[in-house]
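Please put together the full structure from these sequences, using the hints given.
Chains as they are written, first to last, in the numbering used here: chain A, 1363 to 1552; chain B, 794 to 950.
If you are wondering where the hints come from, they were derived from the structure by calculation, not from laboratory data.
Accuracy of the hints is not assured; some may be wrong.
To be verified - Each pair of labels, with its calculated beta carbon distance range: (1) A:ARG1381 with B:ASP844: 36 to 46 Å; (2) A:GLN1412 with B:ALA907: 19 to 29 Å; (3) A:GLY1456 with B:THR861: 45 to 55 Å; (4) B:LEU918 with A:ALA1480: 52 to 62 Å; (5) A:LEU1384 with B:THR861: 40 to 50 Å; (6) A:LEU1385 with B:THR807: 47 to 57 Å.
Cβ atoms here follow ideal geometry from the backbone N, Cα and C, with glycine treated the same way.
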Amino acid sequence: VSAGDALAADAVRPNRLSRSVLLLAPTLALLLLLAAGLGDDPSARPAPAQGRPMPAFDLSRADGGEVRSGRLAGHVVVINFFASWCEACRTEAGALGGAAASHGADVRFLSIAFMDRAGDAESFHRASGHPWPMLLDPDDRVAIDFGVAGVPETYVIDTRGIVTERFIGPVGRDSLDAAILDALATGGSR
Amino acid sequence: MTLGITANGLRSRTLWLVAVLGACSVLGWITLDRVGTGPATIPERARAIADELRCPVCRSVSVADSTTPLAREMRRTIEAQLRSGRSTEEIVRFFTDRYGAWILLDPAGTGYGAIAWASALGVWLAAAVGVAVLWRRHGTPTGDDPADARPPVEARR
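Now the structure itself:
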């Protein structure tokens, strides 16, 4: 191998190296970026409903009568979407019941059955010991209007009828209390 | 009779012809996919919209393919809205207003969606550049092939 060949080989090596880096670096950066995106749960982002007026509804109560959203104006409202087949819904029953008991008449609690049979949902609601009305949404139309993507989901609405908070999964007592207090504060006087 | 074409030139032209035909096929397919072949019925349009939407309670299945009661109701809603004269865009907006862009099976053109689209485009471009480089390399006489060293047919006569 002549000296000239060796020099030429030395000149080629860094060139190849820089070309490989040029190809690999952006590919690696893109893969890392996409991998980071995989860890993101878009359904856990704030729902579009948040900050907007509560969707209007007119639903039948399981125990008779009906509830119209228009008649809830002036109250902080907590709406809990649940199902009898949902195990996580059992775990949050205590937090919901505790919050309802501590806030009393200031806050209206409602449960709406989601993708469930009326009888099963009613039995579940009764077994939970919740004193508030359970509403039937047979076609899940109200759930679609709220943007419900699973159960349990809990929405807090202030006295102006604006959705101020959405909880995905079983709600905790502390976070629910904080959201209710925020809604009571932001909604102003009734 | 004079041909004046080398073997490499012929190969290069054939490759270009294949590339142009391939590009035309892809463009034709995209046009048919986007524009359609004619006026669709309401159930067909409803199916097409439901195909674009993610079933909220299944995540990886479209509203069209899901058997859940929620997806069924979403399909009913789509069809009812089409019958009431709403456009496809209005119906898609109805669902994105409630669920966000997440409800669309095709990623949106913003945020990570933009990266997904851009990376797909980048892969296509990189592949095209790679193929072009290979063609150039193999289409240019290198002197290794004795056939390349031969003069064109016309010159040999």
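Note to self: For a quick check of understanding: which of the numbered hints are violated here, in increasing order?
What the structure shows: 3, 6
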